[in-house]
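These are the residues of each chain, in order.
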Amino acid sequence: MDLPPDPPLVLLEGVSKSFGAVRALTDVTLALAPGEAHALLGENGAGKSTLIKTLAGVHRPDAGRLLVDGEEARFSGPADAKAAGIAVIYQEPALFGDLSIAENVYTGRQPLRSGRRIDTRAMHADTTALFTRLGVVLDPARPARGLSIADQQMVEIAKALSFDARVVVMDEPTAALSAREVERLFAVVELLREQGAAVLFVSHRLDEVFSLCQRATVLRDGKHVWSGPLTGETPDGLVRRMVGRELSALFPKQDTEAGDVLLSVSRLTREGVFTDVSFDVRAGEIVGLSGLVGAGRSEVARAIFGIDGVDAGEVAVGGKPLRLGSPTAAMAAGIGFVPEDRRQQGLVVDASVERNVALASLGRLSWFGLLFGRGERRLAEDWAIKLSIKAGRLGAAVSTLSGGNQQKVVLAKWLSRRPSVLIVDEPTRGIDVGTKAEVHRLLSELASEGVAVLMISSELPEVLGMADRVLVMHEGRLVEEIARADATEERVALAAAGRSGAES
Amino acid sequence: GCSGTSKDSAQTNAPAAGNSAAANPNAEIKKGLKITYLPKAVNNAYFTTAQKGADQAATALGSELKATGPSDASASSQVTYINTAAQQKQDALVLSANDANAVAPSLKTARGQGMKVVTFDSDAAADARDVFVNQATTQEIATIQVKMIVDATGGKGEIAILSATPNATNQNAWIEIMKTELAKPANSGLKLVDTVYGNDDDQTSFQKMQGLLQAHPDLKGVVSPTTVGIAAAARYLSTSEYKGKVALTGLGTPNLMRDYVKDGTVKSFALWDPTKLGYLATYAAAALASGQITGASGEKFKAGDLGEYTIGEKGEVVLGPPTEFTKDNVDQFQF
Amino acid sequence: MSVVAPSRARRVTETIGRARELGIVVALALVVIPTALVNPRFVEAQSIRDLLLNASIVAILVAGQTLVVVTRNVDLSVGSTLGLSAFLTAQTFADHPDTPILVGLLIGVVVGTACGAVNGILVAAGRVPSLVVTLGTLYVFRGIDFALAHGRQINASELPDDLLALGTSRILGIPWLVVVTVVVVAAASLYMRWYRSGRDLYAIGSNPEAAVLAGIAVARRTFGAFLLSGTVAGLAGALWVARYGTVDAAAATGLELQVIAAVVVGGVAIFGGSGTVVGAALGALLLSTIASCLVVLRIPAFWQQAISGALLIGAITVDRLLALRLSRELRGRSDHDG
Amino acid sequence: MAERLRGFARWETALVVLLVLVAVVGQARTGGDFLDGGNLFYLGLDIGEVALIALPLTLVVVAGEIDLSVASVLGLSSAVMGELWNAGWTIEAIMPTVIVLGAVCGLVNGLLVTRLGLPSLAVTIGTLALYRGLALVVLGDGAVADFPSNFTQFGTTPVPGTWLPYPIVLCAVLAVGFAITLHASSFGRSVFAIGSNEEGARFSGIRVKRVKLLLFVLTGAMAALAGIVYTFRFSSARADNGVGLELAVVAAVLLGGVSIFGGRGSLGGVLAGVLLLGGLRNVLILDDVSTEVLTVVTGLLLLVSVLAPSLTARIRSTSTGRRSP
Ligand SMILES: Nc1ncnc2c1ncn2[C@@H]1O[C@H](COP(=O)(O)OP(=O)(O)OP(=O)(O)O)[C@@H](O)[C@H]1O
Ligand SMILES: Nc1ncnc2c1ncn2[C@@H]1O[C@H](COP(=O)(O)OP(=O)(O)OP(=O)(O)O)[C@@H](O)[C@H]1O
Ligand SMILES: [Mg+2]
Ligand SMILES: [Mg+2]
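Chains as they are written, first to last, in our numbering: chain E, 59 to 562; chain P, 461 to 795; chain A, 40 to 377; chain S, 145 to 469.
Quick caveat, the hints were computed from the structure, so don't treat them as lab data.
Please note: incorrect hints may appear among the correct ones.
The calculated lysine to aspartate or glutamate pairs, modelled on EDC-like cross-linking and capped at a C-alpha distance of 20 Å, are [unchecked claim]: (1) K549(P) <-> D432(S); (2) K140(E) <-> D127(E); (3) K512(P) <-> D180(S).
Computed Cβ-Cβ distance ranges for the label pairs, DEER-style [as the list claims (entries may be wrong)]: (4) V448(S) <-> K787(P): 24 to 32 Å; (5) G649(P) <-> N230(S): 33 to 41 Å; (6) G72(E) <-> V437(S): 38 to 46 Å; (7) S134(E) <-> F310(A): 39 to 47 Å; (8) V248(S) <-> R436(E): 38 to 46 Å; (9) V357(A) <-> A245(E): 33 to 41 Å.
All values derive from a computational prediction rather than experimental measurement.
Yeah, the Cβ is synthetic: ideal placement off N, Cα and C, and Gly gets one too.
With the hints as constraints, model all of the structure from the sequences given.
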């Protein structure tokens, strides 16, 4: 075990955590030294957020212990972690929409004046000062509801900084930020380090990791794989540690002949969200839709499927115009849609696996609206075998399944309808390595059967490995289309950042 | 309607399961009769007082009196209790009906099973009970209220009525006759301008009284033919600037109204003694259950301390004229 | 990133924020002015005092209910709590005529607080939906009330005059009861506006999961909100005795619906997170004023309830449309500076 | 969550056990009066309207909404029935008209909830006042009581040769329909999906608004039907018929194990809940237990119905070291 030179500020030792059947963490050890920026790396679902939530007092570990300043600490809730000087920026911003930005920053710690009253003026001034440090212009008095993801993330960062914490944990703080804000953030982190704080940093962008951090810890499938200084490490080396095998094996996209145009989107516009989006997807093709978080990719998919209305533009499926604004019409036309947020949108997690699988096929399974016999069960059994869904019983609630298996349930739900056009939004978010490969194999297989697949993904390697063509969105516009042969990580990333067209 | 059942084509409800048995005026009152006392609602002070009389009568008669009832005075809430009494094979039921019609079907069924039914205070449909013990005739009650308001206002000006619920059988009957009385030339100085409903709820009545006074700047008097309403109205008047300017009268209990007749808010009000009403109704029930009477007009029965009563038209027994209370006599009454 | 100048943004949000209370004031004016034109008596001192008095007890309850509703809960038991505390207060005075007024009032407050504590423990520690819990305690408290009262009605003649005077006497022309109401509403509104624990209530209702992550003691605060709602209902019960002078076990039956209606009309979101005590108290005033106006305008008795119902629906519809507009406004602005 | 589900399943079992207990103890305490045909007939009559309204309301609550205006719709339909009868309409024409009227009341609730996105709790508190007010406008303080006996007898006499009241027979037939709709139809699956995760339902192509609208309409129509039954049973059409009944219905639905947050519940549980509340009331009244005890028992049952499943779920989750959200 490689331990940092100084006694660690915080030491997590042999921590394990399970959620039902999912082992999110197994015997993980992590040490944070004062004055260091420490990267926590791993694939989606490796257990990074779980480890962080354990550190933050949100989860109680099943085994292992937590030492702060060498003393064993027991957090019964986030308040205890805060009191111990640990500030956390969670992966999903958790703001109070009805409260002002300043109050969000200072929840429970508002500056007071006489009579223990909240000093609003001081609070606003302090907030403005924090934002100035971060180079953001936000009105501290406005409610947090309606803030963009990036602004929400900045509020979260300001909140963590306002603590003067000794340990600052950041779970993918940069995912939604542009280069300028990232720079500011890094400057602030440097400052924190100089003051002797420890920073735990999660990011999928390895260049950021190398420029910011001194040491790193890699998790794979909830297990500790490696800890050490970053000097002398290469990005490839880290990736190999995270993935555990060579990348190419992961993306077995078979080559197929593209057929007729099955999905045709033209000049689709939803004001303030995306503008003038046009593209085609052909039978047998997987088209990747890339871009930064917040670029509006999910919104395009939602509009095609009829969840949101549009202000202009048309969609045709198999040459026939589609009535927009109605998921029922989209389904009838042969579109299937695996949404990005499986717990909220993809599944009814309290309901059983079979109910979920059958939910989009009720019309077909019923006879004059009545569900007789075991139609749902049979459908679910069928697809559980096809996709090797691991569930105790098909009658068990989906919430008891592991993330990957939940994702497979969503896929089963849509594949069982035999769609001609399949839209998948972040199909592998939060699912483990093995399952990810399986999902990729499935998508590839579907394409080879003549389905038109539109795949939205934030993971560049996934897009590059799977897509026949890559479309890139930036701030609501389609900025580039790149053929598979020309698609490189750099080119897609540049386009996503809005700096395309430098070369063609 | 061409072939369906409409009001014109339908026969009205079948006549009551008639009392074929003949009365035996000399029959002894049976001992240990089981009688259920069923007020409009259990938490109503008026009925709690009446129950005292019923208890006295039951003790005197050697009967077993059981008081029960719903907590709200809605139209149908008594039916369960009527059914239960029938199920428990009670000999007689002493009842003040929340709704004359709603209780009728279950009363008929219960009578079919041999239970005798006496209504008091508020009648049920005439064919659904044996005897109705009326506190006073509708005419008497209406007349005395008109007389009191004429006295209080000097017979001139606008008046209004603050009643119980819009559906209250008694109040509506009294109000009808009061209107007829007011239409007489002798009372032409009084003009009835409004009728409002306090739902026999203290707070609502209180606020409806306020509203009345604001809505009618020239109002000279208010008649409230309900004990809850008059008490609430008096309380409002006594502390408002209208005290002494707007007259109030109606039906109230001495205990609730004592302060207000003494401080001059109210000159007079009327009521019968609810204790006597409960007492008489229980005697009637026992007489019926013992076969002394059948409820036919002209039959006579003895009601303990109250003396002998004769059954009148439609099986009605009248307790006696209402008493008018003023500051001079109110202290003689405790109920 | 936002590049909107803060001054402009602040102005927009604040105007819209205030508009919700302003809206109720305007609605009040719309109700009062025409009525006063038809019947000038409506705005005389006695009448205005009566309007305020009529709204006062509900307004007190509304102050407590707002605390609860803001946390994304609801307290349906306030009517029963009030009834129980009113009866016990009245009984104390009736059976022990020497009881000092303040002690008697305190008894009501303590009874209410105890009821609130029961609700609070069940909801916060049992982690069960407050709607069901308080529907249950609505029955339980009322049943206990019935059992204790046993048909007894306590009336003004059994109560000390000093107590009754509290319900009718005035200071500087303002009825005492109204003064107490204003104090309660002001205290609750200051608490929710200026104190950390008050702001926590908004946070809990706005985003319960985030509240846990932010280290807010959700269970304790929720308990506190129910406790205070009970305390306030207890106080309202004691004042009820003073105001109406007649109490039986059925006092304030069904009042909970009026209270919730006032809260909703007053702009408190039924799913928590937003709304003010002042707004809700104005809502109570609006509803009771409407009821008075209908009488004063000589709207036939049978129409009054239908009209109040329609106005209630109208009020929440307008409130909803305003809120939708506000959120569209906010979204529109962040879209354009993206 | 699974524990929770199993907990609920067990609550329904517990309801049946409680029912049997009430029957046995009731039978013993009342000297055999409880399970007597005549008494069962009364019991059936007493729960008839509550049961009729509880059927559709179960679906509404499972879908995550609530309708507090049901008792007012009942009152309005009763008042309109009386008014139309006075106007010389035939019963055969009045009944469908009144049911359509109830459906329209439900439609108004539904439109306010689905089109304007208002919370159903607030909307139906408003229409609770509105519909009751309209009933008063229609019939005022009048009571119409001269309905023909060949109709009122459906509310006052049992089915010949049995102790079964007609409303219960009607209710049983409809209950089968509602049970199939909720538990064995694609519509029912949609209702559950909407209740547990409205957004997820929308993403599955379920027409959330339409389903909810339909449920409110159905509830209105059933409340009107209950109004007809009520009117015949008491031979009395009045504007204040059924005041306060909404709490009894909601209590029965919740007691039946339906989650107020939607997504969980069964029609069998609700029927058991209706029977338990009605049966217990009946036993207690027969046993001369006072009204106050009745009220307390109703409240306690409600508390137990939510606390029991939640506590068992919690005990399990602490044993697995897990925190419930
Ligand atoms: N509350 C929960 N209940 C059940 N399973 C959970 C829960 N939280 C996380 N998991 C599972 O634990 C595993 C680890 O999840 P975690 O969020 O820690 O991954 P991560 O490394 O942060 O991934 P990402 O890079 O996508 O954020 C996943 O399989 C996930 O589905
Ligand atoms: N800069 C911004 N200004 C205003 N709103 C924004 C901005 N960025 C994102 N949003 C809003 O935030 C929401 C989230 O967008 P979302 O993150 O789903 O986009 P996306 O491109 O699909 O990203 P991903 O799928 O990677 O999460 C959208 O409703 C979008 O309108
Ligand atoms: Mg994560
Ligand atoms: Mg997205």
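Evaluation of the provided hints:
Annotation: proposed proximity of K549(P) to D432(S) holds, straight-line Cα distance about 13 Å (limit 20 Å). Between K140(E) and D127(E), the direct Cα distance comes to roughly 15 Å. Compliance with the 20 Å bound is thereby established for this hinted pair. For the hint linking K512(P) to D180(S), the alpha-carbon distance of about 33 Å lies beyond 20 Å, and the restraint is violated. Between V448(S) and K787(P) the Cβ separation comes to about 55 Å, which falls outside the hinted range of 24 to 32 Å.
In this structure the supplied range 33 to 41 Å holds for G649(P) paired with N230(S), their Cβ-Cβ distance being about 36 Å. Take G72(E) and V437(S): their Cβ atoms lie about 58 Å apart, and the range 38 to 46 Å is violated. Separated by about 29 Å at the C-beta atoms, S134(E) and F310(A) break the suggested range of 39 to 47 Å. Distance hint for V248(S) and R436(E): a CB-CB separation of about 42 Å, consistent with the stated range 38 to 46 Å.
Restraint check, V357(A) to A245(E): a C-beta distance of roughly 48 Å breaks the suggested window 33 to 41 Å.
Going through the hint list in order, the structure does not satisfy hints 3, 4, 6, 7 and 9.
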